[in-house]
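Now for the letters of each chain:
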Amino acid sequence: MIKVKSLDKINNSNQPFVIYKTKNGFDLYTDFSKKIILNNKNIYRFLNTEYRLKKKYKKTDLLIGFFGYEILNNLIGVKLPKQNNINFPKGIFYKPETIITLKEHLFYNSNNSHKVFKKFKININRNSYKKIFDNFKKKIRSGQTYQIKICTKYKNKSKIDPLDFFCKLTRSNLAPEAFMIKDKNFSIISCSPENLITKKNLSISTKPIAGTLRKTKNMNKKKALIFFRNNLKETKEHNMIVDMERNDLSRVCEPGTVKIKKEKSVEEYKDLYHYVSLIKGKLRKEVKNIDIIKAMMPGGSVIGCPKISTLNLLNHQEKENRNIYTGSFGFIKYNGDMRFNIIIRSLLNYKNFSEISVASGVVIDSNANQEFNENFIKAKALIDLFK
Amino acid sequence: MIYVIDHKDSFTHNVIHQFSLFDKVECDDFSQINKSKLNKATTLVFSPGPGSPRDYPLSSKIYNQFKGKKRIIGICLGFQQILFNEGGKIIEQNKIYHGFQSQVFVNESSKLFSDGRKFKVGRYHSLKLDEPFNSKNFYITMRCDITNAAMSFENNVDKIYGFQFHPESFLTKNGNLLIKKILSA
Numbered sequence: 203m204i205k206v207k208s209l210d211k212i213n214n215s216n217q218p219f220v221i222y223k224t225k226n227g228f229d230l231y232t233d234f235s236k237k238i239i240l241n242n243k244n245i246y247r248f249l250n251t252e253y254r255l256k257k258k259y260k261k262t263d264l265l266i267g268f269f270g271y272e273i274l275n276n277l278i279g280v281k282l283p284k285q286n287n288i289n290f291p292k293g294i295f296y297k298p299e300t301i302i303t304l305k306e307h308l309f310y311n312s313n314n315s316h317k318v319f320k321k322f323k324i325n326i327n328r329n330s331y332k333k334i335f336d337n338f339k340k341k342i343r344s345g346q347t348y349q350i351k352i353c354t355k356y357k358n359k360s361k362i363d364p365l366d367f368f369c370k371l372t373r374s375n376l377a378p379e380a381f382m383i384k385d386k387n388f389s390i391i392s393c394s395p396e397n398l399i400t401k402k403n404l405s406i407s408t409k410p411i412a413g414t415l416r417k418t419k420n421m422n423k424k425k426a427l428i429f430f431r432n433n434l435k436e437t438k439e440h441n442m443i444v445d446m447e448r449n450d451l452s453r454v455c456e457p458g459t460v461k462i463k464k465e466k467s468v469e470e471y472k473d474l475y476h477y478v479s480l481i482k483g484k485l486r487k488e489v490k491n492i493d494i495i496k497a498m499m500p501g502g503s504v505i506g507c508p509k510i511s512t513l514n515l516l517n518h519q520e521k522e523n524r525n526i527y528t529g530s531f532g533f534i535k536y537n538g539d540m541r542f543n544i545i546i547r548s549l550l551n552y553k554n555f556s557e558i559s560v561a562s563g564v565v566i567d568s569n570a571n572q573e574f575n576e577n578f579i580k581a582k583a584l585i586d587l588f589k
Numbered sequence: 798m799i800y801v802i803d804h805k806d807s808f809t810h811n812v813i814h815q816f817s818l819f820d821k822v823e824c825d826d827f828s829q830i831n832k833s834k835l836n837k838a839t840t841l842v843f844s845p846g847p848g849s850p851r852d853y854p855l856s857s858k859i860y861n862q863f864k865g866k867k868r869i870i871g872i873c874l875g876f877q878q879i880l881f882n883e884g885g886k887i888i889e890q891n892k893i894y895h896g897f898q899s900q901v902f903v904n905e906s907s908k909l910f911s912d913g914r915k916f917k918v919g920r921y922h923s924l925k926l927d928e929p930f931n932s933k934n935f936y937i938t939m940r941c942d943i944t945n946a947a948m949s950f951e952n953n954v955d956k957i958y959g960f961q962f963h964p965e966s967f968l969t970k971n972g973n974l975l976i977k978k979i980l981s982a
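First to last, the sequence lines map onto chains E and C.
Numbered continuously in the numbering used here, the first sequence closes out at residue 589.
Numbered continuously in the numbering used here, the second sequence closes out at residue 982.
If you're looking for bench data, these hints aren't it; they were derived computationally from the structure.
Ideal Cβ placement from N, Cα and C applies to all residues, glycine included.
A portion of the hints provided could be inaccurate.
Claimed, not checked - Using C-beta positions, here's what the derived DEER-type ranges look like:
id : chain 1 : residue 1 : chain 2 : residue 2 : range
1  : C       : Leu-855   : E       : Lys-424   : 47 to 53 Å
2  : E       : Lys-424   : C       : Asp-826   : 41 to 47 Å
3  : E       : Gln-285   : C       : Leu-855   : 30 to 36 Å
4  : C       : Asp-826   : E       : Phe-319   : 45 to 51 Å
5  : E       : Tyr-471   : C       : Asn-836   : 54 to 60 Å
6  : E       : Glu-470   : C       : Gln-890   : 35 to 41 Å
What the hints assert, rightly or not - Here are a few chain C residues that sit away from chain E, every Cβ distance over 10 Å (derived from the structure):
id : residue
7  : Ser-833
8  : Thr-840
9  : Ser-906
Claimed, not checked - Calculated pairs, DMTMM-like style, for lysine to aspartate or glutamate (alpha carbon to alpha carbon, straight line, at most 25 Å):
id : chain 1 : residue 1 : chain 2 : residue 2
10 : E       : Lys-472   : E       : Glu-306
11 : E       : Lys-261   : E       : Glu-306
12 : E       : Lys-482   : E       : Asp-539
13 : C       : Lys-915   : C       : Glu-928
14 : E       : Lys-487   : C       : Asp-826
15 : C       : Lys-915   : E       : Glu-465
16 : E       : Lys-340   : C       : Glu-928
17 : E       : Lys-496   : C       : Glu-823
18 : C       : Lys-834   : E       : Asp-493
19 : E       : Lys-461   : C       : Asp-820
20 : C       : Lys-917   : E       : Asp-567
21 : C       : Lys-821   : E       : Glu-488
22 : E       : Lys-340   : C       : Asp-927
23 : C       : Lys-805   : E       : Glu-456
24 : E       : Lys-487   : C       : Asp-820
25 : C       : Lys-956   : C       : Asp-825
26 : C       : Lys-821   : E       : Asp-493
27 : C       : Lys-834   : E       : Glu-488
28 : C       : Lys-892   : E       : Asp-567
29 : E       : Lys-482   : C       : Asp-820
Looking at chain E on its own, in the form it has when it is part of the complex (with noise of 0.2 Å):
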């Protein structure tokens, strides 16, 4: 593996390129010999796929790339009604040749910096929030819903230095699952916390996080852990999803074998703390990964429960195409293994628009105020890039 300290050389050759959080760095993917734009057809091809054919596997022997929240949706039966859409394809993988080990510490000397033609726009004001909240908490009065999140968006005009607002990003908040792509006419940035699905042989797990509490001076993890276990809200919110996780696990798991690992514990990052839940199980030998995507895609702490119900109550008032927000990104190897993140706290830059997509839940005692400006709070770490 070459190391390399300096992105300029890869960023200027204007490669196509994937950036991926590793444990102790990141790696980077480039040099694609293969490029799959995925739609409803090919997708059970791509995903019915069986490359255990070789004895060894290179580290290269890998796709990677994103599903976006449309075909997910699709793949599990749930249709979508006409929305406003960029269309932006809904899943694209590559077959890297070259994966370069880049440690944590990012370091490139941007020298096109990022030009702003529009400012940010909301697509949903705080009135018409309150009137699709007031209507979601009617549906979980009357049962159709327990929790639903509630997405918007915020978009601008304007043209990007990927990479430059990736390194950024890293240094503010250094993600477990932050991933970029830069793409001829496209570019995905994101800080995502949350790793959806880890599957390695036979063992798979999921570490969903409902629960995010801002650092302040006086705050320490023992203290975020007491705020957390006091906080019903947020509780009941977390056993909601814990619940949901070990169902979906289920689904493709062996009876009795999906365990919760780490039950409510508290993560601490750069800015913030995590109250997180970590549920493993073993696959039945029979599953096959398109088994697994179904069972576990999209992710449930990002949607709300019951899933199908939810969906649907979701995307019949969602007037734009959510795009990758709430997708999938991550690789599948061809040993079977995979591993896929929840696409959150991601900004979209496709054709010069960008876009930030922030969701914040309704139970039946959130606050339609409180909710609308956790939203803001989510969205402006990566505004504030173009600051």
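With chain E held as given, fit chain C onto it using these hints.
Leaving out everything else, chain C in the frame of chain E:
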């Protein structure tokens, strides 16, 4: 064989795994019920799910067809589904319990569990049984320690059982034991 009738819930597979500890389990969506599995099953389970019993006439039909002929178990929505078909009124609650752990107690009507026992359970329900409720051979056997809402019933004549809470939730202590007892009753 146990046949689980799924109301498109995100907890149904937890139910399946729990019942799998005791017998072979089959599961299908409520709208795609397999007749031969339905006839073969010794126990029918009505799963949790969104909405109210009124939304699932197909499940009501199955219940009325097999009442007294097979062991029938209802969980959450399934619990309400059974009571609804027994003339019960299912209404919205003032306080809603989603992801809530609360304490229930067993009363003297229970034949399977000891009177006065208390334990913690996980709840996910917007609706509840309106009371008073009366139906032949049906007894409310567990209640919420705080609100007194009906949490479980037994009909030991027809072998029909139900839980308003979720025995399969990680929030329920001894959930497996509850299921074991009603399956061997």
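Going down the list of hints, with the structure as the test:
no., hint, in the structure
1, C:Leu-855 with E:Lys-424: 47 to 53 Å, "52 Å, holds"
2, E:Lys-424 with C:Asp-826: 41 to 47 Å, "46 Å, holds"
3, E:Gln-285 with C:Leu-855: 30 to 36 Å, "31 Å, holds"
4, C:Asp-826 with E:Phe-319: 45 to 51 Å, "49 Å, holds"
5, E:Tyr-471 with C:Asn-836: 54 to 60 Å, "55 Å, holds"
6, E:Glu-470 with C:Gln-890: 35 to 41 Å, "38 Å, holds"
7, Ser-833, "22 Å, holds"
8, Thr-840, "16 Å, holds"
9, Ser-906, "27 Å, holds"
10, E:Lys-472 with E:Glu-306, "13 Å, holds"
11, E:Lys-261 with E:Glu-306, "20 Å, holds"
12, E:Lys-482 with E:Asp-539, "15 Å, holds"
13, C:Lys-915 with C:Glu-928, "22 Å, holds"
14, E:Lys-487 with C:Asp-826, "23 Å, holds"
15, C:Lys-915 with E:Glu-465, "24 Å, holds"
16, E:Lys-340 with C:Glu-928, "23 Å, holds"
17, E:Lys-496 with C:Glu-823, "19 Å, holds"
18, C:Lys-834 with E:Asp-493, "23 Å, holds"
19, E:Lys-461 with C:Asp-820, "20 Å, holds"
20, C:Lys-917 with E:Asp-567, "22 Å, holds"
21, C:Lys-821 with E:Glu-488, "18 Å, holds"
22, E:Lys-340 with C:Asp-927, "20 Å, holds"
23, C:Lys-805 with E:Glu-456, "21 Å, holds"
24, E:Lys-487 with C:Asp-820, "20 Å, holds"
25, C:Lys-956 with C:Asp-825, "22 Å, holds"
26, C:Lys-821 with E:Asp-493, "21 Å, holds"
27, C:Lys-834 with E:Glu-488, "22 Å, holds"
28, C:Lys-892 with E:Asp-567, "10 Å, holds"
29, E:Lys-482 with C:Asp-820, "23 Å, holds"
The structure shown violates none of the earlier numbered hints.
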